[in-house]
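Asker: The task is simple: from the sequences and hints, build the whole structure.
Order-wise, the sequence lines are chains L and R. Sequential numbering of the first sequence, starting at 1, is according to the numbering used here. Sequential numbering of the second sequence, starting at 1, is according to the numbering used here.
Hints were generated in silico from the structure; no laboratory data involved. Since the structure is predicted, the reported quantities are computational estimates derived from the model, not experimental observations. Keep in mind that the hints are not guaranteed to be accurate.
[As the list claims (entries may be wrong)] List time: in silico DSS-like cross-link candidates among lysine-lysine, alpha-carbon distance up to 25 Å:
hint, chain 1, residue 1, chain 2, residue 2
1, R, 155, L, 155
2, R, 178, R, 213
3, L, 155, R, 178
4, L, 178, R, 178
5, L, 178, L, 213
6, L, 178, L, 155
7, R, 155, R, 178
There are 2 protein chains.
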Amino acid sequence: MDFRLVDLSADEIAAQLAVVEPLTESVRALIDAVIRTEVPDDDLDDARRRIDAVTASLRAAQKPGSYGVPFTRDFTGMPWGNAAVGVRNAIAPPLRVDHHDDGTATARVRLGAAYEGPAGLVHGGISAMLLDQMLGEAASVGNGTPCFTGTLTVKYLRPTPLGDVDLRARTTGSEGRKVFVRAELCDADGPTVTAEGIMVSPRNLPSPDQIAKLRAATAADHDA
Amino acid sequence: MDFRLVDLSADEIAAQLAVVEPLTESVRALIDAVIRTEVPDDDLDDARRRIDAVTASLRAAQKPGSYGVPFTRDFTGMPWGNAAVGVRNAIAPPLRVDHHDDGTATARVRLGAAYEGPAGLVHGGISAMLLDQMLGEAASVGNGTPCFTGTLTVKYLRPTPLGDVDLRARTTGSEGRKVFVRAELCDADGPTVTAEGIMVSPRNLPSPDQIAKLRAATAADHDA
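Answerer: Here it is as structure tokens:
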């Protein structure tokens, strides 16, 4: 596991997000437009050339490989490249997950044309992906630390129309490094897809106790 | 189900693909660049404005809603907006699935930064999505007709590094409208994730016999 630390304050992270989130949102709109556009071929070719020029300008300086999951100095994960929740990843809807005091995790997200499988319906694999993320969120300590999926079982009760969906997940037990979790995806009429997962914490993950100590030590450094 | 027919010849479809596929590929490169770029904030803002301009030009004429799954006059599906295989959908890697005479379906795909979960590794939900698509491909009659997933069970044997992966799927039996399918996702060292699925054919789907008759009738029309 990569536990690279980045020395950024909460303000610095907020400043980065203020630039990066609108950019990613623009790319999401572009993905949708490319799927649905009916402009003539010459306009499509022109769009391609203009997109390539933007990409070249962004590649003037770039991280090698992938974004990874850096952690801030108070051990908050920054999974900004994540395929489900990444604020820099236009593939992610993105899920914005809320963690509640009762241990549940919830999210509401609008799934547009880019998430289609059968005509007008959410791709079954996209539902599985979002539910997998929710299972991991409920199983994690709630700080963005990635959790590995051991087994994922997804049951499709009925088709999910494209549009707004709600997701919720909660743990149902644990055994050593294994955490048992359930989740569901709902449209306005109730659950359409349910999932059960056995999630596994990475072997070399700092424990919640260790994370609390790291955070206290960092806070003490800053107060000193 | 939407069985909208489009009256396009094979040549016309090839001509559309020749324009659309490079455009979608350019958007995929842009998604990657936005995740990994380290250019200054002003350049990011400039990129956003240029992307918004391209999106506006594409939206000058567009389909309402989603792309759907139109069928050609010989009943070949065009799932071009599909989240896993869609040639117009930059979220799709895309999977290019080969159907073999022995009934298996295979695909090889490169998963880059946009498919990340834990640092450097494929998101477990992305593996589930691709396997779900492969299960559907093996269960379908091989003409792009969408198949609904009933139950999907995914087992993660070990982490999958980002990079090239191979997928294969095959049916193991059927019962009425249910088709039982297995699939696996492999890196260079062998399987990393396996899946079992119970896939369900849509109730109002033309049967393979009906499709064969439709195709024969269309061919006869054109010969006439």
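Asker: Given the hint that residue 155 of chain R pairs with residue 178 of chain R, does the C-alpha gap stay at or below 25 Å?
Answerer: holds, 21 Å
Asker: Residue 178 of chain L and residue 213 of chain L were given as a pair; does the straight-line alpha-carbon distance stay at or below 25 Å?
Answerer: holds, 23 Å
Asker: Are the Cα atoms of residue 178 of chain R and residue 213 of chain R separated by 25 Å or less?
Answerer: At roughly 23 Å apart (the allowed maximum being 25 Å), residue 213 of chain R and residue 178 of chain R satisfy the hint.
Asker: Are the Cα atoms of residue 155 of chain R and residue 155 of chain L separated by 25 Å or less?
Answerer: holds, 15 Å
Asker: Would you mind confirming whether the straight-line C-alpha gap from residue 178 of chain L to residue 155 of chain L stays at or under 25 Å?
Answerer: Distance of about 21 Å is within 25 Å: holds.
Asker: Would you mind confirming whether the straight-line C-alpha gap from residue 155 of chain L to residue 178 of chain R stays at or under 25 Å?
Answerer: holds, 14 Å
Asker: Is residue 178 of chain L close enough to residue 178 of chain R, meaning Cα to Cα at most 25 Å?
Answerer: violated, 32 Å
Figure legend: structure checked against the earlier numbered hints; the only hint not met is number 4.
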